[in-house]
Amino acid sequence: MQGRLLLAREGLTRVLRVLRQVVGAPDYERYLEHHARVHAGTPPLARREFYAEFVSWRFGSGATRCC
Amino acid sequence: MLARQMRRLISGLTWTAVGILGAAGFGILALRRGETVSAAWLLVAGVSSYFIAYRFYSRFIALRVFALDARRATPAERLTNGRDYVPTNKWVLFGHHFAAIAGAGPLIGPTLAAQFGYLPGTLWLIAGVILGGAVQDFTILFASLRRDGKSLGQMAKEEVNSVAGLAAMVAILAIMIILLAVLALVVVNALKASPWGLFTIAATIPIALLMGWWMKALRPGRVLEASAIGVALLLLALVAGRWVSQDPTWSRWFTWTGPNLAWAVIVYGFAASALPVWLLLTPRDYLSTFLKIGTVLFLAVAILILLPPMRMPALTRFVDGTGPVFAGKVFPFAFITIACGAISGFHSLIASGTTPKMLMREPDARLIGYGGMLMESFVGLMAMIAASTLDPAVYFAMNVPASTLGPDAASAARKIAEWGFTLQPGTMEALARQMGEATLLSRTGGAPSLAVGMAAIMGGVISGPGLALWYHFAIMFEALFILTTVDAGTRVGRFMLQELGGHVWKPMGRTSWYPSIILTSALVVAGWGYFLYQGVVDPLGGINSLWPLFGIANQLLAAVALCVGTTILIKMGRARFAWVTLLPLAWLASATLTAGWQKVFAGDPRLGFLAHARSLAGSTNPSTARMIFNDRLDAALALAFMAVVLVVIAASAREWWLVVSQRKAPIVHEAPFVETAY
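If you're matching them up, the sequences are chains Z and C in order. Residue 9 in the working numbering is what sits at position 9 of the first sequence, and the numbering runs on without skipping anything. Residue 281 in the working numbering is what sits at position 281 of the second sequence, and the numbering runs on without skipping anything.
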């Protein structure tokens, strides 16, 4: 029972991750993984700073959206 | 060995069957006369063609022309930073890229082009995407992928020359202005005198502010959570809109005239460009992306379930150029009216923007670039189906301006009878009541008639909410992502102006300096706002002059992209395959330059800007003077677009000749090869 619950939880996490990527939403957990892998030893940005930086990168110069 | 031969045989038989099925679809679409044709045949013809084109043509381009290299590391792998350079699963990226390229364009263009009958638009959507649009998107994506995700303008400058680079930049800015004006005009026409629609769209602003605050301060970065709340509130606003439209006081509050709505959109565009992005632009972008993907999927399923009959004839008499929705013969005007869905220059900005930075493997470019555009063409087919399922008399009653149809349903019925269609008395009144609108006569711009078609299709599958709710859902869906394009586009235009201004006076280029932000935002908004306002007060409806200008501009940008693509192919030593991009370039340049020439110089005042100005000459009415000025302005703009493209074509052709005749070394500016770790 618990195993199945865990599996469902994992499935949901994956679905949400895909959804985030499709709509171009920031993924803080993915950033943390990347940070731990590449910049191990330095402190990562907090969730709030990460979001602020993501927004200014992605939308700062106007998102590219077609007609 | 035997198993392999068996597999090849099965594959061969399957593809032959798909081919026969597609041919049958085309045959029935083209040959059946005098009775309704099921939309199933249109879907069969389109989808079989897409599959065959993807399987064979895109494979040929991927393997032989581009020689995509699975061993070559992509920018996402080499420059990975967990933010913009992120290796992404190809199906996920397919969805992401599709959401970025598809908007109102593939919905509105086919709706307008349905005045020629469903056949010309359908054939162009299918042939255009396979040989033109998908090739363009794929080529630019490939080129940018090999250059760390460089933009179209940068590639034009580096691979062709600096003249082409500058011309491309000017073309992009000019197209942006016309695009924003015409899209805003579609929204104004859809919301004019429609309290239900206006209330729903107005509600998106406070909803977006709430979402923005939620994601910034309350629960930082929780986009999915905020979007779920936003969508729920939006649906609530949609339902509440009915109540607003029925309450005498509230409905008066939300019944606006065209010019007032135009001002509101202008103020909104300025605010969205000058305010911090997290407040308005970011939340609206997520809201509209969710709505877009959800609605497109639902519409596709609904059409597949219903397979509605198409009541529009295959061809109407208006192929001769006398069409009342917009003037001009089927050639060249079908080919510029439908830009998005067949070939759209604007896509080259996206294929050289965020997408190339996210590809995990180089061969994925085939699915994303070529396949993504096929998907947009499919959206165009759905819009064509939605428009063609309407009674043709209703289609024309909705899409022809009041200056032609006259003041009421009786005059409209007389006019439509002249065209050979019968508008039964009471039809339009009953339809307006069903859709919860005051009137549906002369609701030009394409959005309302598309919404009626969509409401019939969606309501046919899920009838519970009623047609009026589905109609306003469709209007909200279109208006929401058009306004998202308006705010994002204004901001893009502002940044381009700031970059140009920075060359003249350094502080102008500082993108966070407020005086510069205010000035450049105001300039961009004034640019499209001018055309929008003139379109709204234009007695001919505005769409008649602005949509062709937009189509010409968009197709000319595609010509620029194809020039850059051809140059890169030739410099890569693939000159023998240059026909892949030269073929659509030749077609596009001839159709678009012909259309531009006719819009400027045609003797018929309905078609030619200058002839229209001449036909008004001598009048002392001040509004006539304004119309004459606008005609001349539109003519100058069309000429300027054509000149810019001719410059790019000439500059590129010179490069091609220099390289092919070995007077110049074929040097491409690709990023160096690095072996992939995947």
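The reader is advised that the hints may include incorrect statements.
Going by beta-carbon spacing under 8 angstroms, a handful of chain Z positions derived as facing chain C [stated by the list, open to error]:
#1 GLN2
#2 THR13
#3 VAL22
#4 TYR31
#5 THR42
#6 ARG48
#7 VAL55
#8 TRP57
#9 PHE59
For the record, the hints were derived by calculation from the structure and aren't laboratory data. Ideal placement from N, C-alpha and C gives every residue a C-beta, glycine not left out.
Evaluated hints:
Taking 8 angstroms as the C-beta contact cut-off toward chain C, the hint placing GLN2(Z) at the interface is violated, the least distance being around 26 angstroms. Because the beta carbon of THR13(Z) sits about 12 angstroms from the nearest beta carbon in chain C, more than 8 angstroms, this interface hint is broken. For VAL22(Z), the interface hint holds, the least distance from its beta-carbon to any beta-carbon of chain C being 4 angstroms, beneath 8 angstroms. At about 5 angstroms, the closest approach between the beta carbon of TYR31(Z) and any beta carbon in chain C falls short of 8 angstroms, and the interface hint on this residue holds.
Hint on THR42(Z) is violated. Least Cβ distance to chain C is approximately 13 angstroms, over the 8 angstroms limit. Hint on ARG48(Z) holds. Least Cβ distance to chain C is approximately 4 angstroms, under the 8 angstroms limit. Satisfaction of the interface hint for VAL55(Z) is found here, the shortest Cβ-Cβ separation to chain C being roughly 5 angstroms, below the 8 angstroms cut-off. The beta carbon of TRP57(Z) is positioned within 8 angstroms of a beta carbon in chain C (closest approach about 6 angstroms), and the interface hint is therefore held.
The interface hint given for PHE59(Z) holds, since its Cβ lies 4 angstroms from the closest Cβ of chain C, which is under the 8 angstroms cut-off.
The earlier numbered hints that this structure contradicts are 1, 2, 5.
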